[in-house]
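Protein sequence lines correspond, in order, to chains A and B. According to the working numbering, the residues represented by the first sequence are 12 to 384, in order. According to the working numbering, the residues represented by the second sequence are 1348 to 1638, in order.
There may be inaccurate statements among the hints.
Cross-link-like lysine-lysine pairs, in silico, DSBU-like; alpha carbons within 30 Å at most [claimed, not checked]: (1) K342/A to K214/A; (2) K138/A to K74/A; (3) K1586/B to K178/A; (4) K178/A to K138/A; (5) K178/A to K1588/B; (6) K1499/B to K1481/B; (7) K1415/B to K178/A; (8) K125/A to K138/A; (9) K1446/B to K1499/B; (10) K178/A to K1481/B; (11) K178/A to K380/A; (12) K1411/B to K1588/B.
Note that these hints are calculated values from the structure, not bench results.
What follows is the residue order along each chain.
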Amino acid sequence: MMADVSTPLVQLPQRSPLLTRMGWSTFVVAALLVCVLAPALNLLVPADSALHLSDYAVALLGKIMCYAILALAMDLIWGYTGILSLGHGLFFALGGYVMGMYLMRQIGRDGNYKSDLPDFMVFLDWKELPWQWALSDNFTATVLLVVLVPGLVAFVFGYFAFRSRIKGVYFSIITQAMTFAAMLLFFRNETGFGGNNGFTDFKRILGIAIATPQMRMFLFVLTGCTLLAFFLLGRWLVRAKFGRVLQAIRDSESRVMFCGYSPLGYKLAIWTISAMMCGIAGALYVPQVGIINPSEMSPANSIEIAIWAAVGGRATLIGPIIGAFVVSGAKSWLTVAYPEFWLYFLGALFIAVTLFLPGGIVGLSRSWKRGGK
Amino acid sequence: MTPDLLEEGARRRAQLASAVVSGKTESGGRQAGFSRIATPGEVDITHGRILYLEDVSVSFDGFKAINKLSLDIAPGELRCIIGPNGAGKTTMMDIITGKTRPDEGTVFFGSTIDLLRYNEPQIAQMGIGRKFQKPTVFEQLTVFENLELALKTDKRVRPSMLFRLDSAQGDQLAELLHTIHLADAVTRMAGNLSHGQKQWLEIGMLLVQEPLLLLLDEPVAGMTDEETERTAELFLSLKGKHSLMVVEHDMSFIRTISEIVTVLCDGSVLAQGTLDQVQADGRVIEVYLGR
């Protein structure tokens, strides 16, 4: 018979907190490492001390933190929503190009040709800036465009792809084609983005020299804070009912539709948010590495983002960040020590993770914990 | 239109006319008339039918899955649909829920809503819930999260980001968890439930959507006898408040719950009546045994 429904004794689960106590302490430690310890070790500790953090390490870590933002963005769209994008490098490069254009204009008349125009335009014998450079001398506009350009491209592309209900491997292939097409477009000189050389020789940002330790450290701290903020944003998104709808779309899209949700809006929202995060990562990356060119849009780069997420552990948020650090760290070591083996290693790693570690590094540590209990 | 339907319609019209405040609005000896306003999205059941299919046909690669099918369901009715494999039962549900577009025919929800103009999420929001043949729940979410997702709320993107369960909704879920006998499994992953429990969870997900019409495709498949019995009880308690369309092969289950049984064969209605009537029908016996 039916249970007595007048006095339900069901204990409904509590809403989970944004971060657990443990999570918050780790978060604060990470914030202190990035904002206090790293600047102190780099700028205050003398260079001959064993505790000194070298400029090389700052540059490398800053770069990897940009990659970690990419991996986080990939996790939201792939890990949680089940949409594998192999074109996220495009959004990263678009953000990078917007920032690069601003940095090119900041060179002013200090270029090789002492012209108001960027050097490559003088070289091509152009007399005035093309239309797409109209807002490039305005920092506020640049910051907005860093978010809006990748966001808009993603929105338009996503709208048509998701509306046509393109899914799975077909979607992945189309995103791959999209970034490849964009790469070919940016390789051309006529496009007005410096052709295959791209942009480099940046001198200053907001009128302040870039190549000083202080500015590099500032960019490092800014990147670290952005990564931490995006981690919280990601937690907030996946903890909300929104995040559970995304997971539901991943597991059974038709059931989601018959529950009354239109997957188009959800997919488009997370896809666009993810692309915007990549754009910001690109804009932080370019002043730190000092160069942007179309090879950032090459399909291999986008695939690497997916590998970071898979190695770290999909649908965990923290996993892809760890994955980005581990894989990029291994890359920067291996490409120096055994340059010819890097690609074999990457391939083997991907196969090993797919076969033996479907949950990635985080999945492994979780199953160890469970086994220990 | 049967005479009793005509009579019922006339009675409803009379009721409506008397509901209008009769002022001195006449002209040339004629009374003024007021027509009802059709509210968009509101299901109009004043004509005594909640679902109405007429001459619906659909073919896949030349195979006529549904052939001139006409069927209607009254509000509060529990209708059982039986028929051999390939009779078009699931395709019919696909058409009603917007998954498949028919080649021709009309499908109305109430008297005013043409279902062929809407897509799956819109139809679900209007109040048609569907349970699939194979139990489909979100396996990576807990039982509670599954139900919370299905709960009738604003299902657009931004409200979902800001959604918080209020106490009334919490009570509703708690009560439902009892009804579907999953109160002990609130935090379990839906993927770890037994087959029968998944069926119950999916039925629960339908109920929290508060649909007017429930389409249930083989709801007791894979259930134990006890679970089947409970399901029958549940469906009988839903009858009256909701309209139900149940596709089943389990004849004893149908005998427990059914009033009117519709037999589908080759995409159209072969027979309709009580279970005893259709079981005595020569054509029905032929399609079930003759081949």
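Structure-based check of all given hints:
Pair hint K342/A plus K214/A holds up; C-alpha atoms about 28 Å apart against a cutoff of 30 Å. Among the hinted pairs, K138/A with K74/A is inconsistent with the structure: their alpha-carbon atoms are about 35 Å apart, more than 30 Å. Between K1586/B and K178/A, the direct Cα distance comes to roughly 39 Å. Violation of the 30 Å bound is thereby established for this hinted pair. Restraint check: the Cα-Cα separation between K178/A and K138/A comes to about 46 Å, which exceeds 30 Å; the hinted pair is violated.
Restraint check for K178/A and K1588/B: the C-alpha separation of about 39 Å exceeds 30 Å, so the hint is violated. Pair hint K1499/B plus K1481/B holds up; C-alpha atoms about 23 Å apart against a cutoff of 30 Å. A C-alpha spacing of about 34 Å is found between K1415/B and K178/A, which places the hinted pair above 30 Å, so the restraint is violated. Of the supplied pair hints, the one linking K125/A and K138/A holds, its CA atoms being roughly 14 Å apart against a limit of 30 Å.
The suggested pairing of K1446/B with K1499/B holds, with an alpha-carbon distance near 21 Å, which does not exceed 30 Å. For the proposed pair K178/A and K1481/B, the alpha carbon gap of about 22 Å is at most 30 Å, so the pair holds. Between K178/A and K380/A the CA atoms are separated by roughly 35 Å; this puts the pair beyond 30 Å, and the hint is violated. For the given pair, K1411/B sits about 35 Å from K1588/B by alpha-carbon distance, which is inconsistent with the 30 Å threshold.
Hints 2, 3, 4, 5, 7, 11 and 12, counting from the list given before, are not met by this structure.
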